Structure formats: structure tokens, C-alpha cells
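> Build out the structure end to end from the sequences listed, making use of the hints.
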Amino acid sequence: MSLFVIGYYTLILAASCLAAYFNKRSAFLLLFSLTLVSFVLGIIGGVGALKFVVVVAGLIALSAMVSYAFREFLITLSPTGVAKELRTAPLTAAFGMFVIFTYAIAGIFAPLIAPHGEAAVISGAFAPADENMLLGADQLGRDMFSRLVFGARNSVGLALTATLMAFFLGATAGLLAAVKGGWFDQAMGRFADVIMSIPSLIFALLMLSIFGPTIPVIIVAVAIIYAPRVFRLTRAVAGNVVVMDYIEAAKLRGEGTGYLIRREVLPNSMAPLIAEFGLEFCFVFLLVAGLSFLGLGIQPPTADWGSMVRENATLISFGDITPLIPAAAIALLTVGVNFVVDWMLHRSSGLKE
Amino acid sequence: MTKKKDVLLKIRNLRIEGYSNEHWVDIIKGVDLTLHRGEVMGLIGESGAGKSTIGAGAMGYARDGTRISEGSSVEFDGMELTTATESERRALRGNRIAYVAQSAAASFNPAHKIIDQHTEAPLHYRLQKRMEAQEDAMQLYEKLRLPHPHEIGFRYPHQVSGGQLQRAMTAMAMSCRPDLIIFDEPTTALDVTTQIEVLAAIRDIVDEYNTAAIYITHDLAVVAQMADTIKVLLKGEEVEEAPTEEMLDNPKEDYTKSLWAVRSFESPQRQRPKGEVPLISLQHIDAAYTAGPKILDDVSFDIYAGMTVAVVGESGSGKSTAARVITGLLPPQKGEVLFKGEPFTPDYRNRTKDELRQCQMIYQSADTSLNPKVRISEIIGRPAQFYSGLKGAALKNRVDELLDLIELEPALYYNRYPPELSGGQKQRIGIARALAAEPTFIICDEVTSALDQLVAEGILRLLDRLQNELNLAYMFITHDLATVRSIADEVVVMQQGKVVEQGPKDEMFQPPHHPYTDLLLSSVPEMDPNWLTTLLEERGVDNVGDAAAAKIAT
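From first to last, the protein sequence lines stand for chains A and B. Per the numbering used here, the very first residue in the first sequence carries number 1; after that it's consecutive. Per the numbering used here, the very first residue in the second sequence carries number 1; after that it's consecutive.
Mixed in with the good hints there might be a few duds.
Unchecked claim - Simulated pairs of lysine-lysine, DSSO-like, Cα-Cα distance not exceeding 27 Å:
{"id": "1", "chain 1": "B", "residue 1": "Lys353", "chain 2": "A", "residue 2": "Lys180"}
{"id": "2", "chain 1": "B", "residue 1": "Lys373", "chain 2": "A", "residue 2": "Lys84"}
{"id": "3", "chain 1": "B", "residue 1": "Lys373", "chain 2": "A", "residue 2": "Lys180"}
Everything labelled a hint here was simulated from the structure, so no lab data went into it. Since the structure is predicted, the reported quantities are computational estimates derived from the model, not experimental observations.
Here's what the structure looks like:
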């Protein structure tokens, strides 16, 4: 029995006893169940499994520390009003913000960060990682890390534009439908139903094979697919707002539709829309990645995470994790955005207690 | 009436804290309370005085976000509730302590029949078998004079009227024959005519079973009928406590006196100017919502410039619909509205800016009538900007002037948002928004009914002052006759969409009345503690409330 194993069990048992002694119920439950699981793991997996547990715990602790520091950093930098809101953010939300921040930096400063060009062939196909290439090379010998950084710009930028457009279309239609009501509302509602009744991936494939896989077509196709969902949400939220007395007062004052939407309805429907924006962004991102994977998204040699997964997919059968790295980048962003969205939903739904 | 003098509930130094802005703040600051068996104690005070919090605290319960702090003692029949375990406290609730909430409609589960909800507690505590419990429920319904006591329990809550539901809830609280019932504003949401039935029912049943009760309300006249002793609360502290008669005749503290004095405000009655055209005139209006029954049936009344016309009636009598017809939200089916003798465009969408400006509205609930995401400066400034085209400094001056007019300090309120204001201040902002349009006619839809009496009094005085300064005409929709008495010049009484009586105020408050007006007037509680007893003796139990209203209508 190695020193590591003895140290491991001593530490974890001491920590559970301390937690129990100081009446920290949830901490004790967590630590002690980990101890029990570790017994089994140690028997089955040996030292390797225990080391894996330590690494995972260390990673979680590390990201918690990063999140905490990042939140404090944001609180210090922002003005008092925003700082007060930020203080209510849980660590998960801070982690999400940190992830988004990192991706934004990577995307904006991609040419400065990436050591090699997006399409530059610098070594043999599937070359392993060395001091020149952080993550090895892809199937044409391009630097994986550089392509990952450029991919942040292309994939995220495309998803962001498409989501913004979907929101612009959907929210405008939804607000108009709620304020106008009557036949306009009905017509918009049925139109949205028609779009939603077409399976989204098939619709996108159809549009892309008709008009060709260029970036504007991808953006418009994705925006059209997601706009009806935004429309439905906006209409429902705004529907609750337009029955308020202050809307009646504004109508009786003789205000036009533009003022009603801009000043009276929109500020009161903003919170759920922002939360929905985060969610839709993830869906759009996954759809764009899916399209790229199928070969109808962003075209080579432009770096894109979805197509990077597909291009390197053969490596998986050799037990190499290279194709999973862009997939992990997508997953991390999705999780990060959802953490932030959860926090916003929590705030806007008034579940504060 | 003999009352056993043993103590049932003893609260000592009750302190309840609430969590706000990351601090624990005292909501109840050390209140003592002693309640004997069979005694009814009235808790009165403004909203925010902590009445309901004390009521819940008497059950050893603190709402989410609040906690009973250490050192408080709530002793119920010899058992300390603050240190009891949750399951011990649960065993008391519903069984020995029951609670009747303000809104019965919101407190009943709409998916279950009334009697199933009634029998839930006795079955849960295994006091009665289901059939016995149902039998008992029917007896209680009969005692509470609910119509068709043997079958009403098998209806769903939405099939029963508000007053009946409130009585069914009282019956439900009685189902285990508790020692203590807490009534939290049980009649506040009801019309006066309905309220009287509920009050009579509650009083009878509490007497009959010698139940102790804590009666929470902000209506002094109601508490005078119900309570043996009255405790006055202000901001979580006790002001004074005394037996009802003594409290009414001889209040000691200034705050109590000010509560009593509230009803004294009365604006001098104005007379119709002779030979003038009425400002607003409704002529034989019929109105209905699409494909529904007629809500207004041949309604005619006039409103002259600078005068206040109060429109009174129960809920559902068509008061608010009349207002919607005038504002143009609901164009009439028949008849027309005249403005200074000229026809007023029926649909608000077709009205000119000037027509829209003339007629403004103040709403009942200031919470829903002010946009929570817009600054006060814009809420008030927008009409001025919209109608008069004011900009920049002129607009700011106008807003300051309006804020001055409603007695709010401009510098303090200019940049605030509505959620940062109290109920009375919000209502004042609503008034300022109406004034900003420089109207000649304002519809006040139950503007004071959501406010405490002292605050409501301030609003009424403000409206009266503004009327004198700006020569405004008011249409005052209300069901509160005390408000009518203080501010109206003329009164229109409505029942089921028809005008049953109209005339100057002093005539309306003198007999002879139309029977419906008489019923409304006699149903308003008075401060005399024997008022309810006398009234019931005079009219008989079957001749008050809904039953009587139904008789008049047919």
C-alpha cells in the first residue's frame, strides 16, 4: 500500500469527522459518501482510480476558486448597482461568466492568440502534440489549437448573429401580436405554427441545399427556424403585460403602437427574454455545429468546431481524444451559458427566498 | 354571556424578524397578548402594522423569510409553541387552532368540492368518520345560514358566491371545534351587503361554541361589532388595548384618536349650476361585452363641471362598465355620451387628442396602473409631453409643479421607480398623471379602497383640494358609503346595470329611500358596538345581505 493511498484515506476520513463534529450536515454527507465510494473504487480500480478522484476534485476546487476570484474581480470593477446584483450570483454563474469571458477574448483576439494560421499546413497529418503544437495536428497537418481559437470566432460569431436575428424577428412579431391582437395575432400565430411543424434540421438542410451553404444563408435559415419559439414566448409574456392598467392608461392617452411596445411592454418583458436568449443561443450553437458536422455548415478551410469534430472523427477509433476537444469546447460553452441563464431565470422568477 | 376566565393563549414579548437587504429587521417589536377562552380580540392597525404576522405567530408560524426571534414566548393552553417541534405544532393546526384567510376564493382549492375540503381536517385527525363529518358540515352550513345546506357542500368553490364561500370557510375552520380561530380580514374583500351576513354568521358561531378568536381587520366599525377587547397596533408595536366599549368611547393614545377621527372629513356639498349644459351626460346607455348579457340597461346620468358624482353599488352592478363606456373602451350598443352637449366619439381609437385629454382616469390599484420599469418623471411627464408638446426644461418644470401639487417633494421623487413608493404615494402619482393632461373630467375608479383609512383620507382631501383649485369634475366609483359621504355632491345608485336612484347627496342620506339604497345604507357598519345586534333585531336575519338584495331585484 503506497503512501498516497494511506494519505488519501486519512485525509478524507479526517475531513468527514471534522464536518460531522462541526455539524456541517451536507458537507459531512458528501465527504462520507465519497469515503465509502472510495473504498469500493480503491478495491476495483486500484491507485489509478483514486488518483482520478483526486484530479477531478482538484479540478472542481480549481474552477470554484477561479469563479470566486472572477466574481470578486467583476464586483470590484462594476458600479454599485451592478455590483449588488453580481453579489447575488452563485459560483456556478460566476463560472459561466468566466467561460463566456474566455471565449470572447479568444474569439476577438484570435489572430493574436493563435500561434499558426487558420488554414496553414505545418506538419504531417495527425501529428501528435509537441512543443510547437499544443494539441497536435488535424487530418491535413494544421495546428489543432490555432483552429480551435479561430473556431471560437467563427462558430460562436455565427451562432450569436443567428440568435440575435431570430430574437429580432420573433420578439418584434410577438410584441406586435400581443399589442395589436385580433386577426394579426391569429395570422402570426398560425404562421409560426406552420414553421414549427417542419422538423428543424430537415428545414435547414433543405434551405442550404437550395441556396448553397454560404454564411448569410446559414444565418437566415437558423433565424427562421428559431424565430417562432421566440415569438411564442414573447407573445405569452407580453400578453400578461398588455392587460395591466398602465397599458390601458397609455392607450387612452392615445399613444401609438411603437411607444406602447418600446416604453411600456418591452421593459416589463425583458427578463424572461434575456433568459430565453441564453437558452436559444445554446440550441442555435448546437444546430450550427450539427450542420457543420453534416458538411452543410461553414465550409472548409474555415475553422469550425462542428466540422473539426467530423474531420478528425477517424482518430476516435485509435483511442485518441483529439476529435473530442472541439466537442468539449462546445459543451463547456453550453454549460457556461446555461449556468448564467439559470441565475438570471432565478432572479427574474422571484424565487429569491 | 358568561365566559370562563382561564387563559387560552399567552403571548409574551413576541418579536418576529424579516430578512430584507441582507439584514434581519424587526417586524414585530415585542408584543404581549393574553386571550381567554371564548374571548374575541380585535387587532387593528394600518397595513404593515404586523397584524397578520401576529396572527400567524399565534399559531407558532412564521412565514417564509421571517423568523420568530429568541426570547419570544407563545403559550397555547399551557404548551410553548416557539420551542415545540414542527410536528407538535402541526398537530395543533386545523385541530385546535384554525385560520380563516382574507380571500376565501383564493384559499379554497378549486379542484375539490367544498365539503371534501371541509372534512379533510376531522378525517386527518381521526375525530370523525367521513359520513359523520359530512353530517356535521351540513349542520354547520345550516347554522351559518348558507342556502341549501344539504347540497351546497357538494359544489366546487367557483360555483358559490364570495360571501357564501367566506362562510363555508368559517364552517371549515369550525370543523374540528377548535379552541382558537384566527380571522384574517375575513370580510375586507366583500361588499357591504354581503359583509353583514358573514359578520352575523361568524359572531353567532363563535358565541355558540365558546371559541376564542383573534379578529384581524383595519375596519374599526367591523371590529366594534365583533370583538370583546381591541388591541391597536402601529408598526409592530402595541399602541393600546382596552375593552371595546371603553376603547370606542375613550381612547387614550393620540394615534388611536386619529384613527377614530378619520371618518370626520366631509367636503361641503356643491349645487348644480343653473342653466348650464352638463359636462358629461350619459343618455339611455345600453352596453354589453361581446355576445354577453346586458351589463348596462338604460343608464342615464349627468355630471356637471366642478362637481363630484359618486356611483355606488355592489360589485357586478355595472359601475366600472359605465366608466369604460365614457372613456371609450367599450362603445355602447345603444344611447350616447354627450360632452358639453356635443356627442362624444364612442370609440377611444377614433377620438382626437383633445377629446382624449379631457377625460382621464385614476385606477383602483396603483400597483398595476403605474409601469414599474418607468421613472416617475416619465410617468408624469409623458402626458404633458404628449398633449402639450413640452420639452426639456419646460417639461421638467411642469413635472415639478405637478409633484408639488400632489404634495410630494420633486427633488426626492423625480428619479424614482414606482416599486420604491408606498401605496398612498403611488396613488398620488396616479393622480398627477391624470392631472398632467389638464383634463376637465376625471374618473376615479375605487381609488381609495386599496388604501388604509388614514392614507385614503389624505387622498380624498387632496382630490377635494384639486377640485376646488382646478374646477375638475369627478366621477367617483366606489362601494364605500363613507367615502361617498365625505366627497360626493351627487350620488347615483346602481343595481344590476340599472340606475335605481340618483340625486344630491344630502337627499340620498335622508329617507325615504329606494329599498335598495336603504339596504346599502343600513349595511354600512357603524362604530356603535351594538349596531349589528340592533340591525338584526330590526330587520330579521333573513332580511339582510344578498337575500334582501335578491328580493328587491325581482
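> Hints first: check each against the structure and report whether it holds.
Now the hints, each set against the structure:
no. : hint                   : result
1   : Lys353/B with Lys180/A : holds (20 Å)
2   : Lys373/B with Lys84/A  : holds (18 Å)
3   : Lys373/B with Lys180/A : holds (22 Å)
Checked against the numbered hints given earlier, this structure breaks none of them.
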